[in-house]
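Peer 1: Chain residues, written in single-letter form:
Protein chains: 2
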Amino acid sequence: MIRSFFFLVLLLIFAIAVRAQQLQSPNDQLIMSFVLQADGTPTYQLNYKGQAVIKPSKLGLHLKNDAKSLLDGFSITNTQTTSHDSSWEPVWGEEKIIRNHYNELAVTLTQNGTNRQLIIRFRLFDEGLGFRYEFPAQPNLVYFVIKEERTQFAMAGNHTAFWIAGDYDTQEYDYTTSKLTEIRGLMKSAIQPNASQTPFSDTGVQTALMMKTDAGLYINIHEAALINYSCMHLNLDDKNLVFESWLTPDALGDKGYMQAPTQSPWRTIMVSDDARTILASRITYNLNEPSKIEDTSWIKPTKYVGVWWEMITGKSSWAYTNEVPSVQLGKTDFTKVKPNGIHGANNANVKKFIDFAAQHGFDGVLVEGWNIGWEDWFGNSKDYVFDFVTPYPDFNVTELRDYAKAKGVKLIMHHETSGSTRNYERHLDKAFQFMKANNYDAVKTGYVGSILPKGFYHYDQWTNNHYQHVVEKAAEYKIMVNAHEAVRPTGIARTWPNMIGNESARGTEFQAFGGSKPNHVTILPFTRLIGGPMDYTPGVFEMDISKINPNNNSHVNSTLVNQLALYVTMYSPLQMAADLPENYNRFLDAFQFIKDVALDWDVSKYLEAEPGQYLTIARKAKGKSSWFVGNVNGETPRTSTIAFDFLDATKTYIATIYADAKDAHYKINPQAYTIRKVVVTNKSKLTQLSAAGGGYAISIVEATKEKIKGLKKL
Amino acid sequence: MIRSFFFLVLLLIFAIAVRAQQLQSPNDQLIMSFVLQADGTPTYQLNYKGQAVIKPSKLGLHLKNDAKSLLDGFSITNTQTTSHDSSWEPVWGEEKIIRNHYNELAVTLTQNGTNRQLIIRFRLFDEGLGFRYEFPAQPNLVYFVIKEERTQFAMAGNHTAFWIAGDYDTQEYDYTTSKLTEIRGLMKSAIQPNASQTPFSDTGVQTALMMKTDAGLYINIHEAALINYSCMHLNLDDKNLVFESWLTPDALGDKGYMQAPTQSPWRTIMVSDDARTILASRITYNLNEPSKIEDTSWIKPTKYVGVWWEMITGKSSWAYTNEVPSVQLGKTDFTKVKPNGIHGANNANVKKFIDFAAQHGFDGVLVEGWNIGWEDWFGNSKDYVFDFVTPYPDFNVTELRDYAKAKGVKLIMHHETSGSTRNYERHLDKAFQFMKANNYDAVKTGYVGSILPKGFYHYDQWTNNHYQHVVEKAAEYKIMVNAHEAVRPTGIARTWPNMIGNESARGTEFQAFGGSKPNHVTILPFTRLIGGPMDYTPGVFEMDISKINPNNNSHVNSTLVNQLALYVTMYSPLQMAADLPENYNRFLDAFQFIKDVALDWDVSKYLEAEPGQYLTIARKAKGKSSWFVGNVNGETPRTSTIAFDFLDATKTYIATIYADAKDAHYKINPQAYTIRKVVVTNKSKLTQLSAAGGGYAISIVEATKEKIKGLKKL
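Chains A and B, in that order, give the protein sequences.
One point on numbering: in this note's numbering, the residue at position 351 of the first sequence is 351, and numbering is uninterrupted.
One point on numbering: in this note's numbering, the residue at position 391 of the second sequence is 391, and numbering is uninterrupted.
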C-alpha cells in the first residue's frame, strides 16, 4: 500500500515535471499524450500502434472582448483518470447492444493571472479519441463569447482525403478525393452551385472528414453532441498539414455564446488500419447522452414512398398554380386561381401512392407540396412563407387521412420552412397539433435557401439551437423528425431518438439535378453517416430522368442493383423507395428486395470496406433470423468475395442474390441485373462481380428443408 | 357639362405638362404640391397659409441588388383625387368620437425601362399631411430589399427642434432643444448612457420630431402604421436643412424586405400656428386601420400600483439571491440558495400592495421580479433567460391570485425578455396560458438590453415584427399589452386596442437614475405621445430618492403637483401610481386626485400649449359629467390663465384645485402644495401660478346646491 502510494507520488511528480499525461485505449493500441507547453499552451497528440495519427496539436479557444483568451498561460491543477465499460440498447440502430468502453483523462487547467479554469476531458476508445472543453462554474468565467475555437489536428503526412468544401450553408457537395495539399487547387471545382452556399476558405472542409494515409491508416475527424454550439469545420494549413477548427459564425461573425458551467461538443478522431473499424465504431453515439425520451414505444422505423420524386425530376410541381407570383397567406385565395395542372399533391395522386404503399407493405406515404405557399417559397427571404396547416384546394386532409387509415398506411407530414426559422417556430405548436389531429406521426422538415433571420447560417449556434428546439418540441408531441438541410448529425439521435432521419449531405435528389459521382455512396458511410442515419431516399429504378420529364436530361449514376444495396449499406431506420410506382411495377422482381429489407438490426457485420471504392455490409434483422447483405461499388468493376460465416451454424438459409448483369454499367446499362436463389450456410462463400457504379444485394431467410428443394447450394 | 369636361381636359393637360398635382386640405389652409422633376424624380412640397412648411423634397427608395432603384425615371400614369369624411369611436382614448377628414391624391408612377409601378398616396388633413409609398401587384416588382428610404423633408428655415438622438436601440434620451444647425454640436451631450444604444449619425434624430419656426409655426414629423417595416429616423443635412428618412437596419445593414402588393408606413407632417392643434390632431390614428379585434369588451382602462419603484430606486431587488451568478433555468434550484433578503416580489410585500390597491380603488398591482432568472438577466446575451412561468420560492402564484381576487384587484403580469425575442416567442403561448389560468389579463413586457438574435436592433423590421406578433397573439388570449423598450408607437393601438400602453421614451424611472429635465413632460405630448399612450408611471411624491435608498442620490425634477397633473396631460388608458404606499400615506389629500382622476375620456380640450414650456389640458371623464384639468410647467415659473367655458352651461361644479405652493420648486421645495375647493361654472376663469417644474391639477365634479354650501366661487 505504502509502496503503491509512493509510486503514485512519483508518477505525479513526473507528470507535473514534464507536464505530460498519457492515456491508453482499453486495447492499448492508441496512446494519447497531453502536454502543456512551456508557455502553458495545452497540446495533445495521438498514436496508433506506434504511428503518429495526430502530431502535437494545440488546444484552446480565442475569446472575444476578453483581455486573455483560453489559449495559454495554463498550469495543470488536477488530473483524473477513470475507466468505463458499459453497454446500452439504442431505440433503433445498426446493432441491438452498443458497448461503451473507454479510458478517460480529465485535465483541469488553471490560467495564470485570470485564475480561470478549463477542463479538457479525453476519452480514448479502442478505435479512437474523443475530447471536449469543459467550463466549470467559476467566478471569473461565466459568460463569454467565442471568437474562434483553436483546436488543432496536425496530420502526420499528406494523406488522401475524401472531402467536401467547408460551407456555412450547404453540405450537399459531391465528394472530392485528393491529397491534402491538393485541396486548395481543387476547391473551386469542388464548390458546385447550391440553393444556398457560403464557402469560407480555400482549404476549408467539412466533417466528418475521412482520410487514408499512405501507410494504410484510416483517420476520421468529426464531432459528437453538437448542442447549443456552432458547427465545426476544419481549415487546413496546407504548408504544415495542420487542420484547425473553424466554427460557423453568426451575423456578427461571432462563433459561440457560452454560459458556464457548460462544455463544447466532443471532437472525435477515429483511427484504424482497417476501414471497417471506422464503420463499426460507435464513438459518436457513445459520446452523446442517453435518451431523454422515457417512453419510446411510439418511435418506429419506417419504410415509405412519396409524392416527391415526380417534383424532384420536374414532372410535377409543389406549387398549385403558376399565376400567383406573390402569395400572401391568409389573403391569396387559392380556390379562385387557375391550377397549373401538374400539382403533385392532389387527392387522386396521393391515393395512388397510398394504394401502392398498402399493396406493397410500406408504412408511410410522404406528400410534399400539400400546403399553400409553394408558388414563391424560394429565394425571396420571405418571412411568413408557410403556415403548415392550410392545404391546397385539391388536397383534402380529412379524406386522405381516412383513406390512408383504412388502408393501414400513415401519411408523412412535410414542413418546408424555406429557412424561415422564426416563422416555423411561431407555427410549431399548431402545426404539430394539426399533425396529431390528422394521424401524422412523422414530419420531414426542410431548410432550403438562406436562413432567416438574415445574416445567420444553417450551421451557426443560433440555427442549430432551432433544429434542436424542433426535435425536442416534436418529442413532446410524440412526433418523429426527419430534418433536411439541417446541420449534420453528431449522434444526438441517441439522446433524442425521435430524430429518425436527416439529410445533411448530397442525397439522391442530386441524381435528378445533374447526377452525383458513382462512388458517392461508398464515401457517405465514412463521412455523413458517422453522425447518424441519412434519409438518402434510394431505390431509383429509372436512371434516365428524361423518361420521367423530357426536359430533364439528368442520369442517375448507379445501377439498379446498387440502388437495392443502399438499403443495407446506408443505415437508416427511415428508408424511402423514391421512384415512381410505375417504375417499380416494371421491375417487381427487383422491387421485392426493397419490400423485404429490414429497417432495424440486431447485428451488423462490415465485410469489406474501402472508402471511394467499395463497401459490403451484412445485417441481421432485429428480432428475426433473416439477414441482408449490401454491396456498393465505385467506378471500377470489382469482384467481391465474402464468407457467410456470420450466419447461425445450426441453420440453413435461402439467399436471394440481386446482382449486376455482366454487362451492367451505371451509365450505359444500369438496369441489367440478375436474381438468383441459392442455399447458403455459414460455410458458404460468394464471389460476385459488381459493375461500375453497381453492387449486389442479398436477402437471406432461414429455410426449411422443403423450401430449399430444387435450389442449388452457393 | 361639355364646358366642365373641356376644363377638366385642360387641367389634365396642364397637370401632365408641368407634371404637378395640387391637393388642398378640407379647410384650404394646407396645400400639398406633387411635382415630377425633369428626370422623373417625384417631389412634394407643403404650404400652410401660404408659408412653406416643406420645401420641394424628393421621394423614393434606394433598392439593394437592383439595377434601378425607385428614385427617378418615373412618369405619371394615373392620378386619383378623393375626399373622405367619417368618424369612428375608439375603444379608449382622448375623445369618444374621432373625425377622419381629408382630401386624398394618389399618384401612380411608372418607371421608364423597368415598367415598375409605384403609387404615392397623399392624405391632406386640416392639420397635416400623411403620405406613403404603395407597391401594387405587378410582374416586375414583387420581392425587393430596401437599402434606404429616400424621403426628404426640406425645412424652410433653421427651426427650433425638440429632439433626441437617433438611435437603433433606445428612445430614452432626455430632449435637447436647439436650432437645427446646432444639432451636430450638441449630439455628443445628447447621447446619455443607456442599457442598449446604437446612435448612427451626428445629425440623426428620432420621430416624432417637434419643431417650431421663427415665424411661430409648429411642425411635427412622425410616422403612422409602422407594420412590417423598419422604424424611421430622420437624418439632417444641416447645410441645406433637409431631413431624410434613415431606416433602422438589420444585421446585414438592410432596411426592409418587401413583398408586393404592400406599402410603407405613412409619413406624417403636422403643422399649425397653434401648438394645441398638434396635440388635438388624430392624424396618426386616422392613418391606421380600424380595430381588428371584434369583441373589445375585455379591454379596460386600468389604474395600478406596483412592486416596481422600490427596485427602480434600488431599495429592493428583482433578483431573489446574490449567490447565483449563472442561472440555468430548469437546473438552478432556487429553493436551495440563500435569499438576498431584499427581493421585492415576496408574498408579504405583494399582499401589502394588493391591500393598498384595494383600499384606494386601484384596478391592478404590477409585480416585477416574480419569476426566476433575474440574477443574470442583463447584459449577457443570454438566450434562455426567462421561462415566464416559474416563480421564485417566495412568490406563491396561487395564494396571491386568490388573495388579489378576494380583494377585487387584478395582478398585472410582467414579462421582461432581456431582448431575447426568440426565447419569448417560444414561451409565449404557455406564458399567456399561465396568465389566464392565474387571473392575469394584462402584461407589461420589457426589452432591456441588446436584442437577440445578435446583430438586430430594437427598431428594425424583424424586431418590430416581433412586437406586433406579441400584440396579436395577446389579443387571441384577450390579454392587454404594455410594451416597454419596444418600438415607439405609431397609432397601431387603433387597430390593436389591446396595446394599452407603451414606454418607448424616457419614463419616470429616469428620475431615479439621475433625473430628467424639468420640462421633459411638456415635450413628450408633442413627441412620443403623438403615436399613442405612454406608460409614463407618474405619481412620485417623494422626490429625494435617498430617502428610499440611501445609496441613490437621484432627485425627481418635478413638484408633487406636477406629478398629479401628469395623469391628465400624459394621456394613457393605463396609469400607474408609481410611488410607495408609505409615501402616498404621507400625502393622502394630494393622493386623492390620483384616486379620482379618470382614465378614459369623452372630450379633451387643449387649453394652453407651448412645447418645452407649458401645457394645460382639460378632459371630460367618459360617460360622466366630471372634468379633470392638468397643467405642467417647465423650468420658468409661469401664471396660467384658463377659462372653464368647456363646462356645461346648465350645471354647477365643485373644483378641487391642487396647486404648487408659492414657494414650490421642483428642486428645492417640491412637496409644497395647496388644495382648495371652489365652485366653478362655465363662466369661471382661473389664474394660477405654476412653479418651476410644477403645475396644477383640478378635479371638477357636478355639484348639487347643498354640496356647494360654504364654498367660494372661483
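It should be emphasised that the hints constitute simulated quantities derived from the structure, not laboratory data.
Worth double-checking, as some hints may not be accurate.
All copies of an identical chain are treated as equivalent in the list; a pair is satisfied when it fits inside any one copy or across any two copies.
The list that follows gives simulated cross-link-like pairs (lysine-lysine, BS3-like), each with its CA atoms no further than 30 Å apart [what the hints assert, rightly or not]:
#, residue 1, residue 2
1, Lys336, Lys685
2, Lys430, Lys292
3, Lys64, Lys331
4, Lys292, Lys331
Peer 1: State for each hint whether it applies.
Peer 2: The hints, checked one at a time:
When the C-alpha separation of Lys336 and Lys685 is checked against a cutoff of 30 Å, the pair qualifies neither within a copy, at 65 Å, nor between copies, at 66 Å. Taking CA atoms no more than 30 Å apart as the test, Lys430 paired with Lys292 passes in both settings, with 23 Å inside one copy and 22 Å between copies. Taking the closest pair of Cα atoms, Lys64 and Lys331 come within 30 Å of each other only across two copies (27 Å); inside a single copy the shortest separation is 46 Å, beyond that limit. Proximity of Lys292 to Lys331 under the C-alpha cut-off of 30 Å is restricted to the inter-copy arrangement: shortest distance 15 Å between copies versus 41 Å within a copy.
Of the numbered hints stated above, the single one contradicted by the structure is hint 1.
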